[in-house]
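Asker: Next come the chains, spelled out residue by residue.
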Amino acid sequence: MIERIADYLEVPVDVMAAVASVYVILAAASLIVLALGRERQPELAARVKSWWVMVTVFAVAVFINQAVSAVFLAFISYLALKEFFSMIPSRRIDRLAVFAAYLSIPVQYWFAYTAQFGLFSVFIPVWMFLLLPTIMALGGETGGYLKSVGTLSWGLMMTVFTLSHMAYLLFSGDTANVVAGGAGLLFFLVFLTQFNDVAQFTWGKLFGKRKITPTVSPKKTWEGFIGGLVTTIVLAMFIGPWLTPMDWQWSAVAGAIIATAGFLGDIAESAVKRDMGVKDAGALIPGHGGILDRIDSLTFAAPAFTHFFRYFFYP
Amino acid sequence: MNNALRYLFFAGPVRFLVLLVLGLNVRRRDKLPVDGPAIIVANHNSHLDTLTLLSLMPLSSLHKVRPVAALDYFMRNKWLAWFATRIIGILPVDRSGGSNPLAKSKAALAEGSVLVLYPEGTRGEPEKLAEFKRGVALLVKENSGVPVVPVLMHGLGKALPKGTRLIVPFICDIFIGDPVPWKGDTKVFMSDLRGAIEALAAEAHFPAWE
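Same order as they appear, the protein sequences are chains A and B. The numbering of the first sequence is my numbering, which starts it at 126 and goes up by one. The numbering of the second sequence is my numbering, which starts it at 153 and goes up by one.
Simulated from the structure, these hints should not be mistaken for laboratory data. Glycine is no exception: its CB is placed at the ideal position from the N, C-alpha and C atoms. Check before you lean on any hint, since a few could be wrong.
[Said to hold, decoys possible] Over 10 Å on every C-beta distance to chain A, these chain B residues come out as not near it, computed from the model:
no.	residue
1	P165
2	L169
3	M209
4	A259
5	E263
6	G273
7	N295
8	A348
[Said to hold, decoys possible] List of simulated lysine to any residue pairs, SDA-like, C-alpha gap at most 20 Å:
no.	chain 1	residue 1	chain 2	residue 2
9	B	K216	B	G188
10	B	K280	A	I218
11	A	K404	B	F358
12	B	K314	A	R216
13	A	K404	B	V178
14	A	K404	B	R179
15	A	K174	A	I410
16	B	K314	A	R220
17	A	K404	B	H357
18	A	K404	B	N177
19	A	K404	B	A360
20	B	K293	B	E272
21	B	K314	A	R217
22	A	K272	B	W361
23	B	K314	A	I218
24	B	K280	A	R216
25	B	K280	A	P214
26	A	K272	B	F358
27	A	K272	B	E362
28	B	K280	A	R220
29	B	K280	A	I213
30	A	K404	B	A356
31	A	K344	A	D400
Turn these sequences into a full structure, and let the hints guide you.
Answerer: This is the structure in structure tokens:
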């Protein structure tokens, strides 16, 4: 049955099975929420409910059709960039530069979709990096120029360049991954990153004592980080050989990279939010906050894993 | 025919623009009156203000909502006048002091309309609250049972400020407050109203916009 569906959707059967197991995890989470009492844990209940929606939207959009996936992933970058621009102080004069930053999204995702690694790698860090300060200098307002160039360029890198690595993996991964294709690689990255978030949170809640960054993210503890890291590595060792060309040793390394990068992305986003004086970057996802709050760890984990994997495993 | 166009416009392009391109963060949407007579009082920074407020209304109450707008601006040519009165559904008032603008608003309230008023009078400086005009108080004085609901909008003045045509996406915050009661005095009402909108603005920390 699962093979026939996978065949029909042209999704590797292993990826189908992997998505199915995520639903098993979600069902377990919902049962836990029911056991604890929905009213007593409204935040947790909202969070789990949002996970159902996010997993479903992601699975449907990414694994049904290639063009749909490209548009969907680009749209995630769009939402994240918009949230970023809405959160930071900006200058009226820079509206055109902000508009240009939005326009770079379809271009960047086109390079990812067509798997043109060269252009994909340089378009934002080189061409947009040069274009934004040019537009802003031609605007003629020098007060606050450097700060604006800095924040806009950084936001574009963080939300568009880094996240577009998910699309690059999906669309370029088939040749490198005969086991489960680009879809398998994307699943490996996204699932482990999100799993690591939950694992670090849970370990931290249960055993957290020693704070890592009291001024940036006071809830992050060594116990949470290391607990999450070990759990993610173990899980990576199990699913890596099944979804990717990596053996269990390589998968462990990949798991460690994803868990560590995810943690660092999380605290980088926390630092930005503290700097801006906001608790959440947005209010899009009930129980989670904005989209940036949900994907902050992916902003670091996606490029870190992609370049690690590409260096060692791409033909 | 005309109503169909209006529904299509708000169900399609307006919702696409407001919900997908811009994105809203609405607080206490349930306090927004969807049935008249009622008055919505909001700050005004952008042409998008009215579209956004109307997009929050269920399509079924669209025909009841009448944004009160300047006749000389929106009726300056045939096409704009058609669009403003037939699609948006504005209640055009003469601000040059010709006919009595209050009479028209009063009549609309009597018909059970939801009026949208911008007491700043014009869009003004982006994302800054200008002096309020007294017209709203005079209207409420004569219709003191009608709820006056304050609304604060932030972000639309960044997305489409006065003097530009390029829409640049920003997430927009829409905060809706409790009705401001009429206590029998115009001055008191104006200061209560301004206080209510300023209190809504103080709910969030908006990033600087120079």
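Asker: Next, verify each hint and record whether it holds.
Answerer: The hints, checked one at a time:
no. : hint            : result
1   : P165            : 18 Å, holds
2   : L169            : 13 Å, holds
3   : M209            : 21 Å, holds
4   : A259            : 39 Å, holds
5   : E263            : 36 Å, holds
6   : G273            : 21 Å, holds
7   : N295            : 35 Å, holds
8   : A348            : 22 Å, holds
9   : B:K216 - B:G188 : 7 Å, holds
10  : B:K280 - A:I218 : 17 Å, holds
11  : A:K404 - B:F358 : 13 Å, holds
12  : B:K314 - A:R216 : 15 Å, holds
13  : A:K404 - B:V178 : 17 Å, holds
14  : A:K404 - B:R179 : 16 Å, holds
15  : A:K174 - A:I410 : 10 Å, holds
16  : B:K314 - A:R220 : 13 Å, holds
17  : A:K404 - B:H357 : 10 Å, holds
18  : A:K404 - B:N177 : 15 Å, holds
19  : A:K404 - B:A360 : 17 Å, holds
20  : B:K293 - B:E272 : 18 Å, holds
21  : B:K314 - A:R217 : 11 Å, holds
22  : A:K272 - B:W361 : 13 Å, holds
23  : B:K314 - A:I218 : 13 Å, holds
24  : B:K280 - A:R216 : 14 Å, holds
25  : B:K280 - A:P214 : 15 Å, holds
26  : A:K272 - B:F358 : 18 Å, holds
27  : A:K272 - B:E362 : 13 Å, holds
28  : B:K280 - A:R220 : 18 Å, holds
29  : B:K280 - A:I213 : 17 Å, holds
30  : A:K404 - B:A356 : 11 Å, holds
31  : A:K344 - A:D400 : 17 Å, holds
The structure is consistent with each of the numbered hints, conforming to all of them.
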